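Enquirer: Guided by the hints, dock chain U onto chain C, whose structure is given.
Chain residues, written in single-letter form:
2 protein chains.
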Amino acid sequence: MSYKDKVYIEDLAKYAGQEVELNGWVYTKRGKGKLQFVILRDGTGICQCVVFKANVSEEVFANTKSLTQESSIKVKGKVVANERAPGGFELDTSDLQIYQLSTDYPITPKEHGDDFLIRNRHLWLRSSRQHAIMRVRASVIKAVRDFFDNSGFKLQDSPMFTPNACEGTSTLFSTKYFDLGEAFLSQSGQLYAEATAMAMGRVYTFGPAFRAEKSKTRKHLTEFWMVEPEMAFFDLEDDMQLAEDLTVYIVQYVLENCRKELETLERDITKLEAIQGNFPRMSYTEAVGWMNANDIPLTKRVDGKDVEIRPFPWGEDFGTPQEEALMEQFSQPCFIYDYPTEIKAFYMKRNPDNPKVVKAMDMLGPEKAGELVGGSQREDNVELLEERIKAEDLDMTDFAWYVDLRKYGSVPHSGFGMGIERVIKWITGAKHIRETIPFPRMIHRIIP
Amino acid sequence: MSYKDKVYIEDLAKYAGQEVELNGWVYTKRGKGKLQFVILRDGTGICQCVVFKANVSEEVFANTKSLTQESSIKVKGKVVANERAPGGFELDTSDLQIYQLSTDYPITPKEHGDDFLIRNRHLWLRSSRQHAIMRVRASVIKAVRDFFDNSGFKLQDSPMFTPNACEGTSTLFSTKYFDLGEAFLSQSGQLYAEATAMAMGRVYTFGPAFRAEKSKTRKHLTEFWMVEPEMAFFDLEDDMQLAEDLTVYIVQYVLENCRKELETLERDITKLEAIQGNFPRMSYTEAVGWMNANDIPLTKRVDGKDVEIRPFPWGEDFGTPQEEALMEQFSQPCFIYDYPTEIKAFYMKRNPDNPKVVKAMDMLGPEKAGELVGGSQREDNVELLEERIKAEDLDMTDFAWYVDLRKYGSVPHSGFGMGIERVIKWITGAKHIRETIPFPRMIHRIIP
Numbered sequence: 001m002s003y004k005d006k007v008y009i010e011d012l013a014k015y016a017g018q019e020v021e022l023n024g025w026v027y028t029k030r031g032k033g034k035l036q037f038v039i040l041r042d043g044t045g046i047c048q049c050v051v052f053k054a055n056v057s058e059e060v061f062a063n064t065k066s067l068t069q070e071s072s073i074k075v076k077g078k079v080v081a082n083e084r085a086p087g088g089f090e091l092d093t094s095d096l097q098i099y100q101l102s103t104d105y106p107i108t109p110k111e112h113g114d115d116f117l118i119r120n121r122h123l124w125l126r127s128s129r130q131h132a133i134m135r136v137r138a139s140v141i142k143a144v145r146d147f148f149d150n151s152g153f154k155l156q157d158s159p160m161f162t163p164n165a166c167e168g169t170s171t172l173f174s175t176k177y178f179d180l181g182e183a184f185l186s187q188s189g190q191l192y193a194e195a196t197a198m199a200m201g202r203v204y205t206f207g208p209a210f211r212a213e214k215s216k217t218r219k220h221l222t223e224f225w226m227v228e229p230e231m232a233f234f235d236l237e238d239d240m241q242l243a244e245d246l247t248v249y250i251v252q253y254v255l256e257n258c259r260k261e262l263e264t265l266e267r268d269i270t271k272l273e274a275i276q277g278n279f280p281r282m283s284y285t286e287a288v289g290w291m292n293a294n295d296i297p298l299t300k301r302v303d304g305k306d307v308e309i310r311p312f313p314w315g316e317d318f319g320t321p322q323e324e325a326l327m328e329q330f331s332q333p334c335f336i337y338d339y340p341t342e343i344k345a346f347y348m349k350r351n352p353d354n355p356k357v358v359k360a361m362d363m364l365g366p367e368k369a370g371e372l373v374g375g376s377q378r379e380d381n382v383e384l385l386e387e388r389i390k391a392e393d394l395d396m397t398d399f400a401w402y403v404d405l406r407k408y409g410s411v412p413h414s415g416f417g418m419g420i421e422r423v424i425k426w427i428t429g430a431k432h433i434r435e436t437i438p439f440p441r442m443i444h445r446i447i448p
Numbered sequence: 001m002s003y004k005d006k007v008y009i010e011d012l013a014k015y016a017g018q019e020v021e022l023n024g025w026v027y028t029k030r031g032k033g034k035l036q037f038v039i040l041r042d043g044t045g046i047c048q049c050v051v052f053k054a055n056v057s058e059e060v061f062a063n064t065k066s067l068t069q070e071s072s073i074k075v076k077g078k079v080v081a082n083e084r085a086p087g088g089f090e091l092d093t094s095d096l097q098i099y100q101l102s103t104d105y106p107i108t109p110k111e112h113g114d115d116f117l118i119r120n121r122h123l124w125l126r127s128s129r130q131h132a133i134m135r136v137r138a139s140v141i142k143a144v145r146d147f148f149d150n151s152g153f154k155l156q157d158s159p160m161f162t163p164n165a166c167e168g169t170s171t172l173f174s175t176k177y178f179d180l181g182e183a184f185l186s187q188s189g190q191l192y193a194e195a196t197a198m199a200m201g202r203v204y205t206f207g208p209a210f211r212a213e214k215s216k217t218r219k220h221l222t223e224f225w226m227v228e229p230e231m232a233f234f235d236l237e238d239d240m241q242l243a244e245d246l247t248v249y250i251v252q253y254v255l256e257n258c259r260k261e262l263e264t265l266e267r268d269i270t271k272l273e274a275i276q277g278n279f280p281r282m283s284y285t286e287a288v289g290w291m292n293a294n295d296i297p298l299t300k301r302v303d304g305k306d307v308e309i310r311p312f313p314w315g316e317d318f319g320t321p322q323e324e325a326l327m328e329q330f331s332q333p334c335f336i337y338d339y340p341t342e343i344k345a346f347y348m349k350r351n352p353d354n355p356k357v358v359k360a361m362d363m364l365g366p367e368k369a370g371e372l373v374g375g376s377q378r379e380d381n382v383e384l385l386e387e388r389i390k391a392e393d394l395d396m397t398d399f400a401w402y403v404d405l406r407k408y409g410s411v412p413h414s415g416f417g418m419g420i421e422r423v424i425k426w427i428t429g430a431k432h433i434r435e436t437i438p439f440p441r442m443i444h445r446i447i448p
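So the sequences go chain by chain: C and U. Heads up: the first sequence at position 20 corresponds to 20 in our numbering, and the numbers run straight through without jumps. Heads up: the second sequence at position 403 corresponds to 403 in our numbering, and the numbers run straight through without jumps.
Bound conformation, chain C alone:
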């Protein structure tokens, strides 16, 4: 038998009335006397297997009664429509074989603490909520890749090992690299994507990124996945439009392909259906004006005390309190653009008419999703770029190849980064970012 002939629960409707064989694990079991109900999970869905004593051998019925949570089994039977069964079909069982009886499976239907669950992440993934989040994750990533692959972009993987830091060295992981000294793990593939964009036109890089930040918030992982498109001849306006189109595409894709998972997660679907495009946009200066019109202060830690500064001073970065206050009025993501030069990275293009701001944008999500996208038009003037590299005390020799991109056919170009786990957290409504990746890596967590 070819592996292609295997039958999975999510396809049961195709086999209505037929005898099939299913393989999977016992999710739960209940029974009374001559009737046993085995709820089977096979990774694609849940199926109720009805085992009636009169229809199976004595051995099979005894085996069925012995089944425990997460025991692995093979079940044969006829697919029967039943409106009340999960998925709309159940199995009228004729045979059941045990691969292994599981004993003392640690995750029981009772409530477990967060720490216990994360220590058992390899098993926790089998629980219905985590299983649903992981399926949404796969769909979000597929949506991202399809969006770019079908829009003329070419995937160009940026390297993980880098000789230099894109955004400061204090938050970098490093490793000894043969006789070449230290290599750093990439925080962003952007600089390399700029090089490949000059070769391929429109590219995206999509891989792990690493930040050794000591933050313990619900939004940070030390290892996360980021997609970073980079486009020659795109200005900031094009960049924002692309980020908006991508976001709408992802949400619509999940709505179309993960309805069942969103139900399992009890996600309010109307919030996602509101993501239709025409996202609001606001310059940084306008956003500061909004803060002050609404009496939202800058909050700062000064001498161990939280201090509120009013009015919010132009030039300071927004933090979570300001972002969440601003976003309360919006049901779609909002772009903030034209940020102060001082608080943004060296590679961002200064506004020629007003060098105090750079052509940068952040896309904030609704429902306290935080920053989902950060991007900019890139500095394409070689002298201005070199000036910024020097001003930031970065090593010019490390960036020689990057400066080359402004020497040999420099063009206006833009790009952004989207943190995939943040997007998954927003779409699924997961309560902590560690639930959005199969094996989260955090300050205090590297096992399993």
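A portion of the hints provided could be inaccurate.
Put simply, identical chains are the same to the list, so a pair is met inside one copy or across any two.
[As the list claims (entries may be wrong)] Below, computed lysine to aspartate or glutamate pairings styled on EDC-like, alpha-carbon distance capped at 20 Å: (1) LYS368 to GLU323; (2) LYS300 to GLU323; (3) LYS76 to GLU21; (4) LYS78 to GLU316; (5) LYS260 to ASP149; (6) LYS356 to GLU237; (7) LYS6 to ASP245; (8) LYS74 to ASP235; (9) LYS407 to ASP104; (10) LYS74 to ASP238; (11) LYS6 to ASP235.
In short, the hints are calculated from the structure, not lab data. Keep in mind the model is a prediction, meaning the values are calculated, not measured.
Expert: Same frame as chain C, but now just chain U:
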């Protein structure tokens, strides 16, 4: 104007007879008197822009004559069919503006040394061969993901940071991980994929993998991309069939979508068209028999000398000389399976009828492509697995979570790993693996 209205060279056929605007770089330029031919590349293709003095302003014509290799420009004109032009269309130019005149572009049409080119990798990517290989790379990866996404598999990313080693510690990169000691960079996502397969049924993990091997062959990178499917309820036979189906799918996809690139690379397409399925299969024992029937010895380095050992002794691993000799007879990849237990990894399933062999397989490619796939059915018996972990002196506490997968609903399962750069090298005919990834990382190379 929306970014969606931008016109790219690969789509020119759609605009025949229309005025369009193209943006790109000067690949080459030639001219005589009143007629200049600018060969423009925009990342999607090459277009000849014909600039006739009478059709443009004096300034534009002077600018055109001043153009140098890799200068960045915007060109306006009418799309005209011309059979002899690359791509079948050319631009009858009405306007041309310069973004930047490039001076002394380092990569000229003359021959450059390998070392020079790799040091200028950020620019070398613009050359036609490298550009073609990178486009094939994007297509190979898209083919892999489409194959799995459309066959019921769910992407489940394995972590990069791991507390333990899957295949020995000597070839691992490590980093300080906060207060948790050392973390190692993953060599393989397999062990984690086994956990996610028990939750999702059929999964694949596809990300960077790291090997600190001091090999300087044409087939090794320290950082490479690997796709690793893992399937609950698949045996070794299913595993091989899946690897075969994947390989055929990738090759057919590239043949359909990268015809132009394969022509640029002067690849012998008939060799790829031969990849149709029904790959030959041979047990390890049969392969040893073949070596001895064909007088292929084991080659070993003993006391600083190369020694040939005849007959090839059962139990020794094949190396490049043996693999290439064996593969000369085949125009498709070949599976070797049922390897000696001693030379294979601890997690592979021992043959219950003959514990001296494990249910492992390698898929060797034709045309000296080497090992493209390595996989196995996994040990699903908890006692046998623990025995192997102990025998290999691995730390049992590190593998506690992995052993759990055999305690709680153990099932027969299988998987494999496919090194993407090896596949790209084979399909494109690239002479060195460093040409198959945008920014190759090797023992002596981490810049750019």
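Enquirer: Hints first: check each against the structure and report whether it holds.
Expert: Hints versus structure:
Within a single copy, LYS368 and GLU323 get their C-alpha atoms as close as 8 Å, which meets the 20 Å cut-off; across copies the closest is 57 Å, which misses it. In this assembly of identical chains, LYS300 and GLU323 lie within 20 Å of each other by CA distance solely inside one copy; the values are 15 Å within and 65 Å between copies. Taking the closest pair of Cα atoms, LYS76 and GLU21 come within 20 Å of each other only inside a single copy of the chain (4 Å); across copies the shortest separation is 63 Å, beyond that limit. Within a single copy, LYS78 and GLU316 get their C-alpha atoms no closer than 66 Å, and across copies no closer than 49 Å, so neither meets the 20 Å cut-off.
Only between protomers do LYS260 and ASP149 lie at most 20 Å apart by alpha-carbon distance; the minimum there is 18 Å, versus 26 Å within a single protomer. Taking CA atoms no more than 20 Å apart as the test, LYS356 paired with GLU237 passes inside one copy only; the shortest distance there is 19 Å, against 65 Å between copies. Taking the shortest alpha-carbon separations for LYS6 and ASP245, only the inter-copy value of 16 Å comes in at or below 20 Å, while the best intra-copy value is 38 Å. In this assembly of identical chains, the alpha carbons of LYS74 and ASP235 lie at most 20 Å apart only when taken from different copies (15 Å versus 57 Å within one copy).
In this homomeric assembly, LYS407 and ASP104 come within 20 Å of each other (Cα to Cα) only across copies, at 9 Å, whereas the closest approach inside a single copy is 65 Å. For the identical chains of this complex, LYS74 and ASP238 are inter-copy neighbours only, at 17 Å across copies versus 54 Å inside a copy, given an alpha-carbon limit of 20 Å. When the C-alpha separation of LYS6 and ASP235 is checked against a cutoff of 20 Å, the pair qualifies only between copies, where the shortest distance is 12 Å, while the shortest distance within a copy is 50 Å.
Of the numbered hints stated above, the single one contradicted by the structure is hint 4.
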